[in-house]
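Asks: As a plain string of letters, each chain reads:
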Amino acid sequence: MASTKGQRLQFDLDDDDLKLFCEEADEQIELLDSSLVQLEGEPDPDLVQQIFRAAHTLKGSSATIGHKKMANLTHAMETVLDAVRQGRKRPSSDVVDALLAGLDALRVLANEVVTCIDSGIETVPLEADLMAVLEAPDEEGGTPATDPAAPASESPAFTLPAANIETALAGIGDGMSAYFVEVGIEPECQLPSIRSFQVIQELDALGQVLETWPGRDLIEAGAGEFSIVGFLLSRQSDEQLQTAVRAVTDVQSIATRLLNTEDLDQPQRATAAPPAAAGSSRQTLSLVEDGSPAEAPRGQPRKATQSVRIDVERLDGLMNLVGELVIDRTRLQQIREQLSAVLKDANLNELTENFEETTSHLARVTDELQEQIMRSRMLPIRSVLTRLPRLVRDVAAKCGKRVELVTAGEETELDRSVIEEISDPLVHILRNAVDHGIETPEERRAAGKPETGLVTVTAWNQETYIYLSVKDDGKGIDTSTLRRKVVEKGLMSREAAEAATEEQAIQWVFLPGLSTAKVISDVSGRGVGMDIVRTNIERLNGQITVQSTPGKGSEVIIQLPLTLATTKALMVMANATVYAIPLVSVTEALADHEADIHAINGRKTLRLRQRLLPMIDLARALGDSRPRQIGGGKFVVAARHGDRQIAFVVDRLLGEQDVVVKSLGDLVGNRKGITGATILGDGTLGLIVDTASLVSEQAALATPA
Amino acid sequence: MATKIETTEFAAQPATEEHVVVFRLAAEYYALDIQTVQEIVRMQTITSIPGSDFWVEGITNLRGRVVPVIDLRKRCGVDAGEYSPETRIVVVSSAGGMVGLIVDAVTEVMRIPGDQVEPPSSIVSVPDNTYLRGIAKLDDRLVSLMDLEGVLPAALEEGLLQSASRAA
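Quick mapping for you: the protein sequence lines, in order, are chains D and W. Each residue of the first sequence is one higher than the one before, counting from 0 in numbering that gives the first Met the number 0. Each residue of the second sequence is one higher than the one before, counting from 0 in numbering that gives the first Met the number 0.
It is possible that some hints are incorrect.
[As the list claims (entries may be wrong)] Covered stretches of chain W, going by a simulated chain D footprint (3 or more residues, C-beta under 8 Å):
1. 40–54
2. 61–73
[To be verified] Under 7 Å between C-beta atoms, here's a sample of chain D residues computed to sit facing chain W:
3. 174
4. 340
5. 401
6. 479
7. 590
8. 671
[To be verified] Distance windows between CB atoms, simulated:
9. W/118 with D/7: 36 to 46 Å
10. D/382 with W/16: 36 to 46 Å
11. D/624 with W/80: 15 to 25 Å
12. W/43 with D/598: 38 to 48 Å
13. D/96 with W/129: 55 to 65 Å
14. W/148 with D/654: 21 to 31 Å
15. W/53 with D/610: 37 to 47 Å
16. W/78 with D/374: 46 to 56 Å
17. W/84 with D/654: 47 to 57 Å
18. D/627 with W/53: 33 to 43 Å
19. D/13 with W/148: 45 to 55 Å
Think of the hints as simulated: they come from the structure by calculation, not from any bench. All values reported here derive from a predicted model rather than from experimental measurement. We put the CB at the ideal spot given by N, CA and C, even for glycine.
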């Protein structure tokens, strides 16, 4: 068959539907991504159910828009998952592999809907693989995981507590009838939970509802679904019941079954045919007398948090507006100060007081508004962390290692812009930890460690920063190899390399063009790793540090600001331009006359806490070629980048400020040493200094090679 | 004071007529298609960016947006004198975003009939002129019709790249 790659595809949906489809597909694929790996071994039935439903939803939505390949593939995946769900198939690693391969293809297929171009991906072999693993006999004799007595196609069983059966028997003796009622809700219904609730209320009005599946508390909490089963006592006829329930909007089907006393007396055998349902469900009702409290057979009680999807652009717009409010607030405060200076003598105390009150109130409200909007942009880091188990599994398999991944702090929240940026560096560090950090099972056994290595990824908040730690219990960073490498690569003289302390040598992992892995693998790349990670982190105004103990393992810690929208910065004036130096890189700021300044080789050098810092005129370093202002250069600001420090000479210190970072725009592009602009209190613009690039450039210039 | 220019009602005009904003650079008159002009503002504080090209004057704050500003006089090689009360920033929307253009004065908004426009080569012979679309001969003066994308640095750099690759 000729490849169809590159052909234009047409799907049956408009722009609004496209957005909906993408959101839903992303959500379900994400869910599969995070949960499929956990399927292996002895899965939690709830998890299996969740995965099955995700595949099912994807099948439905892809079929709706006429994406045949995607529908076929999801159908095959669903079939396998259904077998797993019913205990007919053990989720061996072959099964999970086939499902993961399917998931990878699904991602591409879902993207076709956006691009409308055939990616040329073939789903038939994947479907065949899925069917093959389904047909393959399970190891260990193929015993289904669930109760072998239960026919495989039956699920789930509804269990009545003994107390209810007694009540029911008593009720029947009292002239009432006991019914099983099964209600199906329209699949298109937007609010099945509310409809479920209405159905229950309707039944309440008709008789005594003894039990429902899902449980009443779940339905009342808003976790109702498309199918509700109730067990009730009523004096009404089944016809009356049906008419009453059908009156509820979106009810698709209702089936009732009258139970006689025999059904209830001999519950173990009371596996009855399904009520003659008008349509949907194949569920069979079976009664099992059981003293234990009834459990909801399906669906975990999902926490009913209320949320609204907001377009990110709209949120960005709000953030911009608040940014302007913040500026106006600062401006008002300045005017207030000027006003009170002018009006002090004019006996207008009351007026100025009122004005002061109003401006300070405005300031409080603005601060809070900014905070709230910033919070609304925050997402838990979970979405990043849930992708990691799959990654670790793949990498460990490739390198022939056994690794257990533990993640903690999934609830830690950070700005969505930071989440987008943090994923790649984190993945890289994690790959390094598995590929370079953790030893092979043999090496670990020889070292007296458990064969399975442990990698821990932890996230936490502290003040206005978020921290991420990737820790492994592997062999640690081999500093002797690092020392040899830096010399081999000509990055350092042999003497300098030998003389460096262990701590200093460990920091060399961030040097460009260095890889300590003996064999270059396709896992961790070829030495274009940690330096890029560091550059990326620092671009986000973050810091990255690494610690290591030989034989015990290493830990990489990333420190990031909570949001990229605002940054704390030290404002300075240099040659009539206001610059913002991100506070995260500032170590000290002091007046010229207090500083310990020396000249070495004709260069001014600052001595600060046992270190010599080259002094650089900030404006000149940025390429400001205008004539210097007279009487400038009275202050120095020490800034660091990694383990390098330099001292910027500036004209004036203007204090700390939260600055809203704005891009310079495509037209101006990336200017050396400047990351963006910010609007100042007086409405003019200040420039945000890219300390990372300036410090490394200037420190390199200052250090004789 | 910002002057917002209504553009919608002219969208359906026949192609034989150009609806333009005319402005002055030193003693020369230029015009930009009115569709590209967002607004015209008085001169305001511009923050220069160290290390930029000489005609990039810097960036300015336009109601919370950071907008790069180009001194069109320097870009077009006319005398860039002091700013006067007539100096304006013409804010245009280009493919690369909003850009402010410093001009000595905005003189008028007008329609130029297509038959009064001639290709630039017939009057001036500047070989690498990337930004002139044509010259309109009006009764009292000549107005150069400017191509917005051609006058912006991004287009210029691209043009340089292209000519470099053609040479190779």
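Asks: State, for the Cβ atoms of residue 624 of chain D and residue 80 of chain W, whether the hinted interval 15 to 25 Å holds or is violated.
Replies: Given a distance of about 21 Å, which is inside 15 to 25 Å, the answer is holds.
Asks: Using the C-beta atoms of residue 148 of chain W and residue 654 of chain D, is the stated range 21 to 31 Å upheld?
Replies: violated (42 Å)
Asks: For the hint on residue 340 of chain D, does the least C-beta distance to chain W fall short of 7 Å?
Replies: Check failed: Cβ of residue 340 of chain D comes no nearer than 23 Å to chain W, outside 7 Å.
Asks: Holds or violated: 38 to 48 Å for the Cβ distance of residue 43 of chain W and residue 598 of chain D?
Replies: Because 43 Å falls inside the window, the suggested range holds.
Asks: Next item in the hint list is residue 174 of chain D. Is there a CB on chain W closer than 7 Å to its CB?
Replies: Violated. Min distance 75 Å.
Asks: Range first: 45 to 55 Å. Now tell me if the beta carbons of residue 13 of chain D and residue 148 of chain W are that far apart.
Replies: violated (32 Å)
Asks: Holds or violated: residue 401 of chain D as interface residue toward chain W, Cβ cutoff 7 Å?
Replies: violated (52 Å)
Asks: Return the status of the interface hint for residue 590 of chain D: holds when the least beta-carbon distance to chain W is below 7 Å, violated otherwise.
Replies: Constraint on residue 590 of chain D not satisfied, violated at 24 Å.
Asks: Quick one: are residue 118 of chain W and residue 7 of chain D within 36 to 46 Å, going by C-beta?
Replies: holds (39 Å)
Asks: Can the segment 61–73 of chain W be counted as covered by chain D under the rule of three residues or more with Cβ-Cβ separation shorter than 8 Å?
Replies: holds (count 6)
Asks: Determine whether the Cβ-Cβ distance between residue 53 of chain W and residue 610 of chain D falls within the hinted range of 37 to 47 Å.
Replies: Check passed, 39 Å falls within 37 to 47 Å.
Asks: Regarding residue 78 of chain W and residue 374 of chain D, is the given constraint of 46 to 56 Å on their beta-carbon distance met?
Replies: holds (53 Å)
The structure shown violates the earlier hints numbered 3, 4, 5, 6, 7, 10, 14, 17, 18, 19.
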